[in-house]
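K.L.:
Could you put together the complete structure from these sequences and hints?
If you're matching them up, the sequences are chains A and B in order.
Position 100, counted from 1, in the first sequence is what the numbering used here calls 864; the numbers after and before it change by one each time, with no gaps.
Position 535, counted from 1, in the second sequence is what the numbering used here calls 1299; the numbers after and before it change by one each time, with no gaps.
None of these hints come from the bench; they were simulated from the model.
Be careful, since some hints might not be right.
When chains are identical, the list treats them as one kind, so a pair holds in a single copy or across two.
Listed below are the simulated DSBU-like cross-link pairs for lysine-lysine, each with C-alpha atoms no more than 30 angstroms apart in a straight line [stated by the list, open to error]:
{"no.": "1", "residue 1": "Lys953", "residue 2": "Lys1207"}
{"no.": "2", "residue 1": "Lys1104", "residue 2": "Lys951"}
{"no.": "3", "residue 1": "Lys1207", "residue 2": "Lys951"}
{"no.": "4", "residue 1": "Lys1207", "residue 2": "Lys972"}
{"no.": "5", "residue 1": "Lys986", "residue 2": "Lys1114"}
2 protein chains.
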Amino acid sequence: MAHDNVVEAIASFQTHPDRYRHWRLSFEGEVARLSMDVQEEQGLRPDYTLKLNSYDLGVDLELADALQRIRFEHPEVRAVVITSLKDRIFCAGANIFMLGSSSHPFKVNFCKFTNETRLGIEDASAHSGLKFIAALNGTASGGGYELALACDEILLIDDGNSAVSLPEVPLLGVLPGTGGLTRVVDKRKVRRDRADFFSTVAEGIKGKRAVEWRLVDQVVAKSRFTQAVTDRAKALAAKSDRPAGERGIALPPLGEEVGPAGVKYRYVTLALNTSPRVVDLTVKGPAEGPPADGAGLVAAGADAWALRAFRELDDALLRLRINHLDIGTVVLRTEGDPAKVLAWDDFLEKHASHWLVREVRHHQKRVLKRLDLTAKTLFAFVEPGACFAGVLAELALAADRSYMLADPQRPTALQLGVANAGALPMSNGLSRLETRMLAEPQKVDEILAHAGPFDAEEALAAGLVTFTPDELDWDDEIRVALEERASYSPDALTGMEANLRFAGPETLETKIFGRLTAWQNWIFQRPNAVGERGALTLYGQAGQRAQFDVRRT
Amino acid sequence: MAHDNVVEAIASFQTHPDRYRHWRLSFEGEVARLSMDVQEEQGLRPDYTLKLNSYDLGVDLELADALQRIRFEHPEVRAVVITSLKDRIFCAGANIFMLGSSSHPFKVNFCKFTNETRLGIEDASAHSGLKFIAALNGTASGGGYELALACDEILLIDDGNSAVSLPEVPLLGVLPGTGGLTRVVDKRKVRRDRADFFSTVAEGIKGKRAVEWRLVDQVVAKSRFTQAVTDRAKALAAKSDRPAGERGIALPPLGEEVGPAGVKYRYVTLALNTSPRVVDLTVKGPAEGPPADGAGLVAAGADAWALRAFRELDDALLRLRINHLDIGTVVLRTEGDPAKVLAWDDFLEKHASHWLVREVRHHQKRVLKRLDLTAKTLFAFVEPGACFAGVLAELALAADRSYMLADPQRPTALQLGVANAGALPMSNGLSRLETRMLAEPQKVDEILAHAGPFDAEEALAAGLVTFTPDELDWDDEIRVALEERASYSPDALTGMEANLRFAGPETLETKIFGRLTAWQNWIFQRPNAVGERGALTLYGQAGQRAQFDVRRT
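P.N.:
See below:
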């Protein structure tokens, strides 16, 4: 059974290659090598051992950190080889004993983060000139194969033994939920009946059949494996548009202050329990305008507002998800000078082809997607002094609802710009403005053409905010909204928000977070998986066999 | 708590307007009127009363029957008004006490059927020249509003009181899962923040705001309501392409024989437990060829093979879902003369514009979709004497896996034709062949151009079947496949199949069955809904308030 009392909070979500326990990150010119070497006894909790390169959230936080560093600190890298330092094993996937002993919310949040990290690999491939090779020097099973599926190419060693497999259904009674089922049929386009067979054969598939069935791109004899991986890395690197002769920027720790009342970063603040089960999340705009050009941005490095504020927001969101389960509503607030935010946006747009500008923008995009995918209610409050402009206006557009004060004495503003015109798409491929205006797509251009800020009346008329209470109603209206929200079933709200936020087209990403994740979460509740005689609970217990309620649902 | 011991099996899924308890079906020229008048004490089970036009599966089986009869028996109908005979109430949605006292599998299957019925309304609108008006003469809440959302137009009476609402989240801790959330943002394109507010305000929205927010199409004063509905019905009817001067065909009872070993229809047979937790579902091809023309088809009526066989299959699938929960695997088999099936398909293609031909084909399409959406493993066995040709070949293409005997002494065949070329799309909008060939779309035309039947070797090479065991291996291979399948977690299989079957594009339909349904099923397992202190459990108990585990997941 899930252990609801286990401590699952994480002290810090930040790490650095010097402190990695489970990965080795090395560089050879334009090729980076990310080698997995999980330390069995160094899991986040003491109640499981990470055998066979299986992973927990700690392992995955290092992977996510490494990917960020390759993007920002190593612009010379054009191809990344993901492999293992263990003999005959690439990766056995998420650690089953960790899953079995985790609470339901932790399992769900863990899977979400690992999904986001793997989508980050595909984002880097699609937008950053980085190509990824999964060099499977041994068996890749479950989440191990799912990690490979996120790469551009999969090379499997042909040693008579090593296979790829998704043994979750036959062995554990759960799904390959880290994108596995979706990527098999939708990305690699494995025929559905073959995918069915593959997903039920615990020992997996190897050799020629793995290639014929599109499960891997090549199987390579052991003696030629290293060379083949190098050759493919070089071939993929040759097609990259990453810059020549540029130096990266370092990503230092964020230096946040954590206390019982919340968390303070330089630009982001989390103020806990300003109302029951509510956090106020405030993002401050920049104190200074943008640099003159890309070189100036490189010189500013990780201190540049457009990067630092979003690294902080990213960290804050992870904290909220994992460490503050009782928080149901995030009130999104902003402060600062809208003109400066818009100037930063304009700078990023103008220099979009500069390598670091590109990284900063795609980072903003990914952080905003993380916000969209956070299973907490998002309310934006637009009050005097707020700075919902450009990229920060995306916070208001990401909100489930937005409240904007309409008080002639204390004016409020919301202002759009280039950042709202498509550079920061949601998982569904549309901008937040397009998603919002699904019924009247022609209004998108009208709204973007609006000169200057929208006041409350204009914002309401344009459909940019939900409600515009006046000064007499404001306090009561937001108090009631927050209290009512806190009174509803947290589960029903999660399900509702997951359905309402992603209107319009579906993509690989929305399929993973909508369809696949929802089914996995269902299964993660079912006695057949997590009950006393469930398959996940009993895994690895010699002589114990799962007992199933056979009713098909 | 869910009552797992309650008897939820249904004696018959067929009904007739003469026996309706809850609906009145009347006709006035080209307008049919479906009036809801639910009898409180005539629910399927005695442990709840159907107050306020709330419904259970029995009510919805009548609705589904009425829709079929309008399509087949009443070709003169061009518009359908769905309304209520109760004063000031249109429909209060699915009965909460029924939901609260149903087992989890029953809840899930009930919701699936109601979803299919509402999608059937949209199918009739898109393809059959039937337009639907929801004439809300009173409040439509929850599933009541969801029924309205499936119609082409929603007219709401303006009596100062009547509203539309989705109170599931605030009152019950579950989702508006019968397409509600999806249709609000994806069909009616209600802005997502308004949808958020609407879905949390239990009393709903009425009057001008309901129109402004796109929740209804018109609000009409009480005095003008009847006339306004009639006017809209006539206006919509005027655009219909339904035939003039044609007479419908009667849909008599199927006359199945039900026994402990299974069910026998004329063309369809269910043989239970041929192997543990397995049913053999056999569809027989036609004994005779098709008629000469549409008039001949009308003369054959409900005895026509292309209609009768699929009505039987539809009924058999409902039986399997609701009455045979322990059955995990459906073995799809066929018998008969492939040439005759192909002749029927050719006939339907040639006369596609005839009204009854059109109905027969769309019916086949809907039944095959019901098969795709059945939460049981589908294996197709292609053996000597089988008749997997044309429309019956769709059964093999719908299967999670297909096994075709390769024995030179006892040849087997699989043959495609016009029915496989797009007339019978899946919920994802693609044909089953297109879905299967997602990796090689160019192969679709090649395969369709193949002259004559595919033998086992050819079918394997073309990618039409999964495995082709020879005569020595056949028995063992299928025995092992069936036994292994029966040994896996039924829940994991359901989740896996729901993800692998619908590769490719997503539609409103797949969003409802994938994303929305999966989240609803998750919530239907959560203690916050169905636990002793859950919101669904406690609904209607005076003085009792749900207690929530507040952890956001």
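K.L.:
Each hint: holds or not?
P.N.:
Here's how the hints hold up against the structure:
{"no.": "1", "hint": "Lys953 x Lys1207", "in the structure": "between (37 angstroms within a copy, 14 angstroms between copies)"}
{"no.": "2", "hint": "Lys1104 x Lys951", "in the structure": "neither (41 angstroms within a copy, 39 angstroms between copies)"}
{"no.": "3", "hint": "Lys1207 x Lys951", "in the structure": "between (34 angstroms within a copy, 18 angstroms between copies)"}
{"no.": "4", "hint": "Lys1207 x Lys972", "in the structure": "between (53 angstroms within a copy, 22 angstroms between copies)"}
{"no.": "5", "hint": "Lys986 x Lys1114", "in the structure": "neither (49 angstroms within a copy, 58 angstroms between copies)"}
The structure is inconsistent with the numbered hints 2 and 5, although it conforms to all the rest.
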